[in-house]
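Since the structure of chain A is already known, use the hints to place chain B on it.
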Amino acid sequence: MLEVFIFATLNGLVTGLLLFMLASGLTLIFSMMGVLNFAHASFYMLGAYFAFSISQYIGFWAGLIFAPLIVGVLGALVERYGLRRVHKSGHVAELVFTFGLAFLIEEIIQFVWGRDTKNYQYPDLLDFPLFTLFGQEFSAYRGFMIAISIGIFICLYRVLTKSRIGIIIQAAITHPNTVANLGHNVPLVFMGVFGVGTALAGLAGVIAGPVLTTFPGMAAVLGSIVFVIVVIGGLGSLAGAFIASLLIGLLQSYAIASDVGMADFLNLIGVSFERSHPLNDLWTLTLPQVAPILPYLLLVLVLVFRPTGLLGKREE
Amino acid sequence: MKIRIFSSKINILLLTGLITLGSTSQAQEPVRIAFMDPLSGTFASIGNSGLKLLQFAADYLYNSKGGILGGRMIEIVPLDNKQSPTETQLQFRRAISDDLRIIFQGNSSAVANTLSTTISRHNRRNPDQEVLQINYSAVDPILTGDNCSFWHFRFDAHVIMKLNVLTDYIAENENIKSMYIIGQDYSFGHVVSETSIELLNEKRPDIEIVGNEFHPIGQVKDFTPYVTKIVSSGADAVITGNFGADMVSLARAIIDAGLDIPIYTFYAAYDGITATLGEDGKNRIRLVHNETSNPIPTEERKDFIRAFKEKNPNYDVTQPRITNALQMVVNAMEITQSTNPYDIAIALEDMRFVTMSGEEIWMRGSDHQAFQDLHVSVHTDEGVEFDADNSGYGLYSEYKVSAEDTIDETSCNMRRPRR
Numbered sequence: 001m002l003e004v005f006i007f008a009t010l011n012g013l014v015t016g017l018l019l020f021m022l023a024s025g026l027t028l029i030f031s032m033m034g035v036l037n038f039a040h041a042s043f044y045m046l047g048a049y050f051a052f053s054i055s056q057y058i059g060f061w062a063g064l065i066f067a068p069l070i071v072g073v074l075g076a077l078v079e080r081y082g083l084r085r086v087h088k089s090g091h092v093a094e095l096v097f098t099f100g101l102a103f104l105i106e107e108i109i110q111f112v113w114g115r116d117t118k119n120y121q122y123p124d125l126l127d128f129p130l131f132t133l134f135g136q137e138f139s140a141y142r143g144f145m146i147a148i149s150i151g152i153f154i155c156l157y158r159v160l161t162k163s164r165i166g167i168i169i170q171a172a173i174t175h176p177n178t179v180a181n182l183g184h185n186v187p188l189v190f191m192g193v194f195g196v197g198t199a200l201a202g203l204a205g206v207i208a209g210p211v212l213t214t215f216p217g218m219a220a221v222l223g224s225i226v227f228v229i230v231v232i233g234g235l236g237s238l239a240g241a242f243i244a245s246l247l248i249g250l251l252q253s254y255a256i257a258s259d260v261g262m263a264d265f266l267n268l269i270g271v272s273f274e275r276s277h278p279l280n281d282l283w284t285l286t287l288p289q290v291a292p293i294l295p296y297l298l299l300v301l302v303l304v305f306r307p308t309g310l311l312g313k314r315e316e
Numbered sequence: 001m002k003i004r005i006f007s008s009k010i011n012i013l014l015l016t017g018l019i020t021l022g023s024t025s026q027a028q029e030p031v032r033i034a035f036m037d038p039l040s041g042t043f044a045s046i047g048n049s050g051l052k053l054l055q056f057a058a059d060y061l062y063n064s065k066g067g068i069l070g071g072r073m074i075e076i077v078p079l080d081n082k083q084s085p086t087e088t089q090l091q092f093r094r095a096i097s098d099d100l101r102i103i104f105q106g107n108s109s110a111v112a113n114t115l116s117t118t119i120s121r122h123n124r125r126n127p128d129q130e131v132l133q134i135n136y137s138a139v140d141p142i143l144t145g146d147n148c149s150f151w152h153f154r155f156d157a158h159v160i161m162k163l164n165v166l167t168d169y170i171a172e173n174e175n176i177k178s179m180y181i182i183g184q185d186y187s188f189g190h191v192v193s194e195t196s197i198e199l200l201n202e203k204r205p206d207i208e209i210v211g212n213e214f215h216p217i218g219q220v221k222d223f224t225p226y227v228t229k230i231v232s233s234g235a236d237a238v239i240t241g242n243f244g245a246d247m248v249s250l251a252r253a254i255i256d257a258g259l260d261i262p263i264y265t266f267y268a269a270y271d272g273i274t275a276t277l278g279e280d281g282k283n284r285i286r287l288v289h290n291e292t293s294n295p296i297p298t299e300e301r302k303d304f305i306r307a308f309k310e311k312n313p314n315y316d317v318t319q320p321r322i323t324n325a326l327q328m329v330v331n332a333m334e335i336t337q338s339t340n341p342y343d344i345a346i347a348l349e350d351m352r353f354v355t356m357s358g359e360e361i362w363m364r365g366s367d368h369q370a371f372q373d374l375h376v377s378v379h380t381d382e383g384v385e386f387d388a389d390n391s392g393y394g395l396y397s398e399y400k401v402s403a404e405d406t407i408d409e410t411s412c413n414m415r416r417p418r419r
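Residue numbers (UniProt numbering), protein chains in the order written: chain A, 1 to 316; chain B, 1 to 419.
Here chain A stands alone, though its shape is the one from the complex:
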């Protein structure tokens, strides 16, 4: 049982930290512009595909550096020439714009790279088991994923709280007009944040592509869960996003690892049903079966009991 618990924790960490890389960009963008970027997961997918192509010609490590940069530049361009124009028409227009963008990116990816799964592999350098516990290997690449994600979190946190740029960004979130009056170029700050946010999503794609497979549906699989994290963590809160990411990563992992089901619960309270009972499907539900919907359940609970999210400050 112990081995299951340890590995479930490690798996939860890997998933949670990966989700955080996506959620951090999304929550930053939201807190600045007040707009939920529906195309965020699409930038994640773009990152994976760019890195796949680069790795074909130069190698994985080049992809790790250049793919997020390309995605970041693309993101900045989208903000400068797309979102900024649409912004005049209000938030609804911005939402619809990013929504459309998500479809557009998915179609373009299928057009350029095709619809089949891409053979995107991690480098030989990391192709060894980091350690073996109870007969199961924990690959070095997963360790690398954890290291990168934690590194990103620390960098982001320090930049936002300690550096001059961070202070300007934080000020621009709450008092954009004052910051502009002080001589700072607020639109440029917005563009930069959007670019960095999408680059982070791209980076997540680069490191997730080899383990979670690179295929045109990868954005859809992750997209909705990222919104859940941002809402649970509190819109605009980086620390909240971090906690929520880990929470959801671990929650899902533990739920899958567990073996309890409705039947055990019913036995506990002394009720049992025949197999022919019309609601048999309900009585035989197990926790692993419902694991992927648990985050949404958590979302509902948070919205009911703490609408601002775990660490959210917004009072509207």
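Keep in mind that the hints are not guaranteed to be accurate.
[Stated by the list, open to error] Simulated coverage check for chain A against chain B, where a stretch passes if three residues somewhere in it have a Cβ under 8 Å from a Cβ of chain B:
1. 2-14
2. 77-85
3. 220-228
4. 246-258
[As the list claims (entries may be wrong)] Derived contacts from chain A toward chain B, CB cut-off under 8 Å, selection only:
5. D116
6. K118
7. D124
8. P129
9. G135
10. T284
11. P288
12. T308
Treat the hints as calculated values from the structure; they're not laboratory data. Values in this document were obtained by computation on a predicted structure and should not be read as measured data. Just so it is clear, CB atoms sit at the ideal spot from N, CA and C, and this is done for glycine as well.
This is chain B only, laid out in the frame that chain A set:
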């Protein structure tokens, strides 16, 4: 003079007659066949490779040789149902309004079931506008069992037939003492699980079922948590009915965890899966399917595959049963000289047809289930003349069960239209 005028008039008449005759044969309406499968979304790759194959088979076998039924071309019309039953209903309406009367469909038994029910109802209400369902891949037994329909024909072996072959093969392996079953949480996944348990209990009562897991279809990001459970269960082998992205991710997670046990599957090849598994999957992944990938028994089939690869270098002949289905449907049209779904259905019943590989397919009349030789193949790079995904790796047939040994009883009680 008079005679000459008369004859020239006749000439003109004859000429115009010839022209009109010629133009009618020129402008003969194509035989239009709908291909309704996911062409976008998570499972788009499977749908698209199927569409490529059907289009190629129509062109290569018929259109390039002057068409069918005395010069009519076959036109394949793609309809994207996104593998969703709701979207399937909409696309079916579209097919009706476009007068498409033959629908090829294969992906997802849930969709096939919806389509079959919809078609039966539609055909009952519109006896002059009937539609035929050519199911080349949806393998839930119920489609030719309790829910069988006169208008539905299945060209793939259903799950129980396939699992019978697979469990025979597993039963021969004395090293396997425990089995883990994992699958997508919908009708097909459940049938795989229930049938595997039943058949293994019967054939090898000593094999312990150490896990029986379902996960939501197309929703799992990372299969590692599931693999952790497989490892801790101590299973000697895994059976899964997963396909598409769910199959690759599962196999990758198993390989990444360093778990060296055989994985028995239905769909773990092609569309990027073979390339992604590569060396790691060698001698580890096995599939049950019809029509061998290697060795190919006849030159005719080899030529077909080579011609397909020449036209579509980045695709493979992933589902030869699509070609078989098309050939049998065309055969039925030629026999009856008709494209009417009822006539085709009657001709298909109990048809015996020899495929390009020299294997015979029998379409049972009582439930519209096709029977042909079934094979278990291994993922390898040895003896592979036709690889998958241009990766050097492919499938090599290790075990064969002949068609007559796959015949089972059916619970089908078919409602036949009155004529």
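Hint-by-hint comparison with the structure:
{"no.": "1", "hint": "2-14", "result": "holds (count 7)"}
{"no.": "2", "hint": "77-85", "result": "violated (count 0)"}
{"no.": "3", "hint": "220-228", "result": "holds (count 4)"}
{"no.": "4", "hint": "246-258", "result": "holds (count 4)"}
{"no.": "5", "hint": "D116", "result": "holds (4 Å)"}
{"no.": "6", "hint": "K118", "result": "holds (6 Å)"}
{"no.": "7", "hint": "D124", "result": "violated (12 Å)"}
{"no.": "8", "hint": "P129", "result": "holds (6 Å)"}
{"no.": "9", "hint": "G135", "result": "holds (6 Å)"}
{"no.": "10", "hint": "T284", "result": "violated (10 Å)"}
{"no.": "11", "hint": "P288", "result": "holds (6 Å)"}
{"no.": "12", "hint": "T308", "result": "violated (27 Å)"}
Hint violations for this structure: numbers 2, 7, 10, 12, all remaining hints satisfied.
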